[in-house]
Amino acid sequence: MLVASVLLLFVVVVASVCVGAQAIAPAEVWRALTGAAGGDEYLIVREVRLPRTVLGVCVGAALGTAGTLVQTLTRNPLAEPGILGVSAGAGFAINLGGLLGLAGGQAAQLALAFLGAVLAAVLVYALGSASPLQLVLTGVALSAVLSGISLGLRLMLPDVFDRYRFWSIGSLAGHEQVPLALPAATIAVALVCAAAVTRPLNALVLGDEVAQALGGHVLRTRLSVLVLVTLLAGAATAAAGPIAFLGLMVPHLARRSAGGSIPWLMAYTMVLGPVLLLASDIGARVLLPTGEVPVAVVTAFVGAPVLIWAVRRRGAVSP
Amino acid sequence: MSRSFVVRAGAYSVRAGRRTLAVSFALLLAALGLAVLGLSLGGSWSSPQEVLSALAGHGDAVVVVREWRLPRVAAALVFGAALGLAGAIFQNLTRNALGSPDIVGLDAGSYTGALFAITVLGGTSAQLAVSSIAGGLLTAGAVYALSLRSGLSGLRLIVVGIAANAMLTALNSWIVLRAELDVALAATGWSAGSLNGIDWDELTLPFIVITALALLLVTLSHGMHQSALGDEVALASGVRLNRLRLLLVLAGVGCTATVTAVAGPIVFVSLAAPQIGRLLTGAAGVALVPAALSGAVLLLAADLTAQLLLAPVALPVGVVTTVIGGCYLIGLLVRRTWRNGRG
Numbered sequence: 001m002l003v004a005s006v007l008l009l010f011v012v013v014v015a016s017v018c019v020g021a022q023a024i025a026p027a028e029v030w031r032a033l034t035g036a037a038g039g040d041e042y043l044i045v046r047e048v049r050l051p052r053t054v055l056g057v058c059v060g061a062a063l064g065t066a067g068t069l070v071q072t073l074t075r076n077p078l079a080e081p082g083i084l085g086v087s088a089g090a091g092f093a094i095n096l097g098g099l100l101g102l103a104g105g106q107a108a109q110l111a112l113a114f115l116g117a118v119l120a121a122v123l124v125y126a127l128g129s130a131s132p133l134q135l136v137l138t139g140v141a142l143s144a145v146l147s148g149i150s151l152g153l154r155l156m157l158p159d160v161f162d163r164y165r166f167w168s169i170g171s172l173a174g175h176e177q178v179p180l181a182l183p184a185a186t187i188a189v190a191l192v193c194a195a196a197v198t199r200p201l202n203a204l205v206l207g208d209e210v211a212q213a214l215g216g217h218v219l220r221t222r223l224s225v226l227v228l229v230t231l232l233a234g235a236a237t238a239a240a241g242p243i244a245f246l247g248l249m250v251p252h253l254a255r256r257s258a259g260g261s262i263p264w265l266m267a268y269t270m271v272l273g274p275v276l277l278l279a280s281d282i283g284a285r286v287l288l289p290t291g292e293v294p295v296a297v298v299t300a301f302v303g304a305p306v307l308i309w310a311v312r313r314r315g316a317v318s319p
Numbered sequence: 001m002s003r004s005f006v007v008r009a010g011a012y013s014v015r016a017g018r019r020t021l022a023v024s025f026a027l028l029l030a031a032l033g034l035a036v037l038g039l040s041l042g043g044s045w046s047s048p049q050e051v052l053s054a055l056a057g058h059g060d061a062v063v064v065v066r067e068w069r070l071p072r073v074a075a076a077l078v079f080g081a082a083l084g085l086a087g088a089i090f091q092n093l094t095r096n097a098l099g100s101p102d103i104v105g106l107d108a109g110s111y112t113g114a115l116f117a118i119t120v121l122g123g124t125s126a127q128l129a130v131s132s133i134a135g136g137l138l139t140a141g142a143v144y145a146l147s148l149r150s151g152l153s154g155l156r157l158i159v160v161g162i163a164a165n166a167m168l169t170a171l172n173s174w175i176v177l178r179a180e181l182d183v184a185l186a187a188t189g190w191s192a193g194s195l196n197g198i199d200w201d202e203l204t205l206p207f208i209v210i211t212a213l214a215l216l217l218v219t220l221s222h223g224m225h226q227s228a229l230g231d232e233v234a235l236a237s238g239v240r241l242n243r244l245r246l247l248l249v250l251a252g253v254g255c256t257a258t259v260t261a262v263a264g265p266i267v268f269v270s271l272a273a274p275q276i277g278r279l280l281t282g283a284a285g286v287a288l289v290p291a292a293l294s295g296a297v298l299l300l301a302a303d304l305t306a307q308l309l310l311a312p313v314a315l316p317v318g319v320v321t322t323v324i325g326g327c328y329l330i331g332l333l334v335r336r337t338w339r340n341g342r343g
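As given, the protein sequences belong to chains S and C, one line each in that order. Per this note's numbering, the first sequence starts with residue 1, numbered consecutively. Per this note's numbering, the second sequence starts with residue 1, numbered consecutively.
Think of the hints as simulated: they come from the structure by calculation, not from any bench. All figures in this text were calculated on a predicted structure; none of them were measured in a lab. Ideal Cβ positions, reconstructed from N, Cα and C, are used throughout, including at glycine. Be careful, since some hints might not be right.
Stretches of chain C that chain S covers, calculated by requiring three or more beta carbons in the stretch to come under 8 Å of a beta carbon on chain S [claimed, not checked]:
(1) 169 to 181
(2) 186 to 196
Which residues of chain C face chain S? A few of them, derived with a C-beta cut under 8 Å, are [stated by the list, open to error]:
(3) L146
(4) F268
(5) V323
(6) G325
(7) G326
(8) V334
So here's chain C without its partners, still in its complex pose (with noise of 0.2 Å):
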């Protein structure tokens, strides 16, 4: 029997072996689950059948769970797979495990901008929106111009990255350092990211640049793949490697930088995510799909346990996406390990 389906769509074709399938579709289930558990969570307990009716306009808790709790877990969702597809396409790109959207100096550059707006400009959230994504891109422009020669390598662009990223977090720990003790208390609050308070006025542009982006990984992913397999082999078929690359570090630097702007840097989730799709699929390749699955179910997981753990008080969700994404990845390699021990 076949041990793959291939779905076609005009032009367009997708080979998933079934593995791929079945994971896609339980991670898909887990983050359903989560997000009526999450909707039901909040000051008071809606039971599912409450949400189910409100979110359909019915019942008492109708504001509740469309204005206040919906926002908070579409937002959880789509940037956790936002932050997934950014950290495939970097780990793709680099060949490295390592190589993710924090490696580049985003975050490093975006919490600069940050903390700029806050001890110079007086911080309010469309300076630090702003600010921000400034800090992140202008990195990012940096760190793309200096690694370009005849031509860009994915390990010549980490190596870069992580230079850039080295001084940055030596100005931002020294900014953080020579700053009154309240001032840099609320910078290391922005910089453990965090969904608390989230609206749907903030989400519209938001999910508008993460579709729209996600649409462009779709047209590249065929080239992607035939990338990872080497630069021969990509350009013996047709791939043009350098433009197919600049789109997938736009694409990349756009995913991540649009949820800093929103929500400040979510750590972690970029790294975590491809790999733990990478280890639930057992495929070879980093790919898109289980990575993005991986990163919504990671992130609403960790953004509801942020708001259990010490209730009332809600933790910064960075805060909870590093111990629990750290935690979940230790357990598949020690159970790798265990497996291999074994066999």
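Extracted from the complex, chain S is given alone in its bound form (with noise of 0.2 Å):
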């Protein structure tokens, strides 16, 4: 099953650096990434669609992984990243930032709003670190006060507005040309921190007893999970725009292929996330004949009905 799904994120890879607004065959792209070709394909390809799709990897692993690991540590189905105030302080850093003046470039606006989702992340473990249920409730509520906060804000300025409007909806396109090697770096490295954690949680979906009678250490797994959503979901909201749903969707997938086990859950969230998102983003380029789909609007569309239909052949899965 996992070599099937590697098999089919490579064909979505593919896939994403040939079709588009104007398609290109395998073969061109090929000799445009060797350097042997010239011309609008060489420039496509190189300058727009191979970033465009790296991105949608790193971002698709990261919320997915993001969105396993708060489901997992919470006990809670309907974690998702965004819970933990992610997105909440990215947007609002966007619009505070908008206020002061300061979100004028993309660059900024990336930093901007991983200072945000990062803060507002640190801020909800300070209070609500003492249970899972405690934990989620109080990322609810930080996120209300942050997003009332910017909705205020929003109304009052029109032109903060404009430019939040454009942000708020996750898309993959115009992101190309942001200097991405750094949340591209920061994802790499919490994936695979990501992926050293598995064992120890494992342990601690059995209870906190029984992990530590297992000669594992409860609040240092708990706090590295914690450290690594932050990192996974703010640095992917921060290149991205808030992509809600895939961090919630993906676990639910990868849980019916894995089999109660973290490692491997883990390994088939890392690769169903980009699969996701990378199919979704095709779609988006393609579905209407009028422009441009942001891929939020796509994951939704696409991942709510998989949900849905999941959810009802089989019962809802606790993980």
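Once you've looked at the hints, go ahead and assemble the two chains, each given alone in its own frame, into the complex.
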């Protein structure tokens, strides 16, 4: 199954480079990549499609993994990274930056969003670290506070509103020229650490006492999971805007293949996240003749029916 | 000494813990105090004596107090209670602290309806009310139908609701993205929820509907608390679960839709009020009365703050409910952590 998923990922990556407003044959793509071809194809592939595909793989894997970690840690199948205040914090920082005249360029916006996401998440942990339920409630409460203030700011400042509404719906388009090396590197490192934390997490799922009896450090595991979720979701949100639902959706799909083992669940998540996001992004490019749809709209419209079907067919699966 | 009281009226009896009673009474007092404050506040300040005599029909301030300020205060109290009830119903039904009407897509559906009214029709207030109710009810109906499968399970309802909510939210922000800036601003303003400029004509029907739904809930509350103990317990004590759940969903959706039609979606009261009531009373389940009272106090306090904060500019109350409710919930959680840490 995992091999099939990886193959699927490969197909989607190739398709993501080939498909678009101007379709490019795989052979042409290959020549453009190896530097043999010149002209338009070369530019499109090297400067637009390839960065966009890499961004899609990073963001998809990051959001999926963050979702799996959060759902496993809070033992709540409804939890998603956004619940820890990450997207609300990023949005708030962008609005506040707009108010202060800081959110001019894309790089500034990226930095603001990441900073806001991290600060909000740190605040949530500081206030709600007592129990998983408390963590979720604190995250929801802080998100509400931040998004309420943001909404008030936006209603009073039309130009801040105008910029925010373009950021507020996640998209991979138009992010190609942004300095993405740093978010991508952050995500890559965090993914490796996430893979390393799966074994202690597997013990933690059985309950705090059992994990302790098995020799795990409950607090250390919990803390490192939270740090990883913040880095993953924060970097992904900063790079592509809030793509809700992907972090909720991917673990539900992966859980059906993984059969209760956290390491396997993580492996499936890291493959299925990019598959889902890239497939949605390809759809976003070709779906409407009038122009591109933001990818967050497509993930919602593709992911939600699948989730509903899965829940109806087999019943909700608890983590 | 007994720690709880039993109140009997004919065939019905209500058992309430002493702390629940005390908290409810305190919330009631808070609501009354805030109501007097709300009647006194406005373009010009009226003293509480003036307010009371104006309510009785004497003095210069009769029109201001009875026709301008009273409807707004009453709307805040009743709508807040309705939202608190809706939240308590959904949190009981789904047995999940995140279960609230927003989660089953009701708010997002209403917003889609309102966006349709604003961008396509022209956006008169009647069109807004009808479209937003229709959007909300259609969404709720679809979510309900999709989550039925040999009986309704709370968790399935919530997952289907989240899925529908995600689709509609994406659709909504896309519509806002494509719209002209001033249309987008108007639409976003509606989505914040506001009690500005509300009067009696708009309130009569909503008040009747909410009262009827509250009475329905009184007859359902026993079964609801039984089913909160688990499906087996409920079935063993003779509760007809599917019928009960259908009625509960109808009551919760009805409360939310009614409020949304008049005031726009006022977020967060439904989610926070039951939790606040629960933390104050220390009760195990999600009780209806503390939730309703917390909701009323929360919305009224928020509306007063919305009027005062940047006066003379009145903020939409929805902006303030999220901020106040969120801060208060955080405060309660922090206090509980601190107490547990010491004890």
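* To do: Would you list, in rising numerical order, the hints stated earlier that this structure does not obey?
  => Per hint list: zero violations.
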